[in-house]
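Participant: Residues per chain, in single letters:
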Amino acid sequence: MKLKRVLIIGFAILSAIALWDMVTFDPDEFELEIVNIEIDDVERNLNPTRPPDFEERRSLPSIFVEDGAGRTVTVDNMPGRLEIGSSESGEISAEYTVRIWGDGSRPARDQAEAVAKEVEVAWVQDGGRARLTLSRPNELPKGLQLLVDVRLRVPHGIDVVAEHTGDVVIEGLSGSVRLGTATGRAVVRQVQGPVTVAGRIAQVNVSRIQGPVNVSLQGGRLDIAQVEGEVVGSVSFGELVLQDVAGDVTFRVGQGTSQVRNVVGNVTLNGGYGETRISGVDGNVAVTQTIGSVRVGVTRSADLMLEMGEMQVYLEGDGGWSVDAVAEMGEIRTGLPLAREESPGRTRLSGTIGDGAHQLKMEVNRGTGVLSRR
Amino acid sequence: MGHRGESALIAGAIVVWIIFLLSRIGIWRPDVITGVYWLPMGFLPLWVLWTSVQLYRQEWRENTSYLMLSLPVRARVITSAKLAVLVTGIVGFTLLILAGGWIVAARTGFLGSIVRHPEFAKVPTEWIIKMSLFGYGGLVVGLVVLGLISQFAYLFSRLFTRFQGLVMVWTWILMIWLLGVAADLGSVIFGWLPDFYLRSLTIFFDTPEFSLVRVESGPIVAVALLLIGIYSLLNVLLEQVVEV
Chain A
3 MKLKRVLIIG
13 FAILSAIALW
23 DMVTFDPDEF
33 ELEIVNIEID
43 DVERNLNPTR
53 PPDFEERRSL
63 PSIFVEDGAG
73 RTVTVDNMPG
83 RLEIGSSESG
93 EISAEYTVRI
103 WGDGSRPARD
113 QAEAVAKEVE
123 VAWVQDGGRA
133 RLTLSRPNEL
143 PKGLQLLVDV
153 RLRVPHGIDV
163 VAEHTGDVVI
173 EGLSGSVRLG
183 TATGRAVVRQ
193 VQGPVTVAGR
203 IAQVNVSRIQ
213 GPVNVSLQGG
223 RLDIAQVEGE
233 VVGSVSFGEL
243 VLQDVAGDVT
253 FRVGQGTSQV
263 RNVVGNVTLN
273 GGYGETRISG
283 VDGNVAVTQT
293 IGSVRVGVTR
303 SADLMLEMGE
313 MQVYLEGDGG
323 WSVDAVAEMG
333 EIRTGLPLAR
343 EESPGRTRLS
353 GTIGDGAHQL
363 KMEVNRGTGV
373 LSRR
Chain B
28 MGHRGESALI
38 AGAIVVWIIF
48 LLSRIGIWRP
58 DVITGVYWLP
68 MGFLPLWVLW
78 TSVQLYRQEW
88 RENTSYLMLS
98 LPVRARVITS
108 AKLAVLVTGI
118 VGFTLLILAG
128 GWIVAARTGF
138 LGSIVRHPEF
148 AKVPTEWIIK
158 MSLFGYGGLV
168 VGLVVLGLIS
178 QFAYLFSRLF
188 TRFQGLVMVW
198 TWILMIWLLG
208 VAADLGSVIF
218 GWLPDFYLRS
228 LTIFFDTPEF
238 SLVRVESGPI
248 VAVALLLIGI
258 YSLLNVLLEQ
268 VVEV
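Protein chains in written order, with my numbering: chain A, 3 to 376; chain B, 28 to 271.
These aren't lab readings, by the way, just hints derived from the structure by calculation. Backbone N, C-alpha and C define an ideal beta-carbon position, used for all residues, glycine too. Careful, some of the hints might be misleading.
As a list, the in silico DSS-like pairs of lysine-lysine whose alpha-carbon atoms are at most 30 Å apart [to be verified]:
#: 1; chain 1: A; residue 1: Lys144; chain 2: A; residue 2: Lys119
#: 2; chain 1: A; residue 1: Lys4; chain 2: B; residue 2: Lys109
#: 3; chain 1: A; residue 1: Lys6; chain 2: B; residue 2: Lys157
Computed far set for chain A versus chain B, every beta-carbon distance over 12 Å [stated by the list, open to error]:
#: 4; residue: Gln147
#: 5; residue: Gly174
#: 6; residue: Arg187
#: 7; residue: Val189
#: 8; residue: Arg191
#: 9; residue: Arg223
Kindly generate the complete structure, drawing on both the sequences and the hints.
Facilitator: See below:
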């Protein structure tokens, strides 16, 4: 009986503590303690707020790469900030800054200085190819954090290949750019050659590109603007904003929102779950989306399909369309003069608007479609 | 016998569900059939909750608690036997559900479409096997923990003569809260223990790359110690405190 009494009293005390803890719980303070994903650590550690315990700027001797096709500069993955710009001199120049953080103590500063001596960025050349490599200790002493910021200047006509963890700015190049970015912000602008970017969790901004663009992003936000070539790519989770493209656009957005504006060529968009907005497209539009909301402005032919959700289609300009719109287990609303066939679970609108020169195919399953003109 | 009948009924229902979905091939879309298959499988945690309590509750309901409490065996023999029944059920149902999922995905062609995907070929088989086993192990352990907590909550409620249902529910909530507290404290107290790492796979530039996911061992050790404590207390309750 004594043990029973002890257990009940313990239960009562524990209940009181638990109740107090639950009542005073602040959701903002909640964080998952058990699992820390390294990539999050990397992101947090890439932008330390306090000054480093050790900082040293170093320059590398300028190099030339032989003339000819396939002249390439490759930058190995270095955590930190990477800037690549154009060189007017015809030489490739590079400088880098080693920054090391410790706990601010004297021993940590000594340790940081010792580590910095083992950090070296160097060129490895092979004919028309040059590689910027990083050598550093395999393991840093506990508590130390190392970032290597690189500034690179590349002459005209040289292709650039870089894989990077951290913020990247690449601008003013005339060759092709192939960038792999793990996390951070990546900006690629004013590039004449083709641009290929593959990002994990990142914010990617690609603008003022003369060649074709191919971007695949696993998560984050992708902004693409002012591209004269074709744009191809995908965003698995996140946001896509794409505007002012002269070529065709072919994109897949797994989950998230996509806005496409002012495209001269054709647009093909494949969406999973989310919101899609398309306007100002001079070419044909093809949209396939699984679930969500689709709003499309159409000036020429369009083939639009939504599995579940709401689709709004606006016919823009003076063109004419042959319309074939079907809603399965849903409805289509329109004020346009189209023939309507109703059967259980299915609505079909068909007919010609204007000269009927363009085909408009619209299919909505389990949802609502709106077709109007403006 | 009651549990056997109930388990057979659930297993039968799963088989009927599999057969029904297989009959929808060619009528429904493959991804819809494969997706819909998993919807009713959320019953498993509920079954664990129900069965965990019933394994003890029936002793009082059928007046066999006299026998259970007077048996000349240590309480840990009884509690571990009841946990073993639960683990058997969990493993049996999960294997049946996974086998059903495999059959449905294979027959609809959904599995084939995944396997034929170019990126799938780049994923190392060894990694798939390891992560599958890890995931399955985690699922079984999670369900067993759920069962243990439920059994403790039921037995603890037997200390009270009134509001036993309310006490059971509150004890269950209290145990979940306690696990969270233990994980937080474990992160500090056992912070000196080495972390362990899982490999997370991403396909980057058409090349498979592994990034490391660090898992702190401190909270896991603390939760494991608390669960051992709860199990020990369960034995003490049964052996010394709970009355007929």
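Participant: Far enough from chain B: is every CB of that chain over 12 Å from the CB of Gly174(A)?
Facilitator: It holds; Gly174(A) is separated from chain B by about 24 Å at its closest Cβ, greater than 12 Å.
Participant: Mind verifying the non-interface call on Gln147(A)? Its CB should be farther than 12 Å from each CB in chain B.
Facilitator: At about 15 Å from chain B, Gln147(A) clears the 12 Å cut-off, so the statement holds.
Participant: Take the C-alpha atoms of Lys144(A) and Lys119(A), compute the straight-line distance between them, and say whether it is at most 30 Å.
Facilitator: holds (17 Å)
Participant: The output says Arg223(A) does not contact chain B. Does that hold with a beta carbon cutoff of 12 Å?
Facilitator: holds (18 Å)
Participant: Is Lys4(A) within 30 Å of Lys109(B), Cα to Cα?
Facilitator: holds (27 Å)
Participant: Does the claim that Val189(A) lies off the interface hold, with its Cβ farther than 12 Å from every Cβ of chain B?
Facilitator: Answer for Val189(A): holds, closest chain B Cβ roughly 19 Å.
Participant: Quick one: work out the minimum CB distance from Arg187(A) to chain B and report holds if it exceeds 12 Å, violated otherwise.
Facilitator: holds (18 Å)
Participant: Is Lys6(A) close enough to Lys157(B), meaning Cα to Cα at most 30 Å?
Facilitator: violated (46 Å)
Participant: Just checking, Arg191(A) versus chain B, shortest CB gap more than 12 Å?
Facilitator: holds (21 Å)
Hint compliance for this structure: hint 3 alone is broken.
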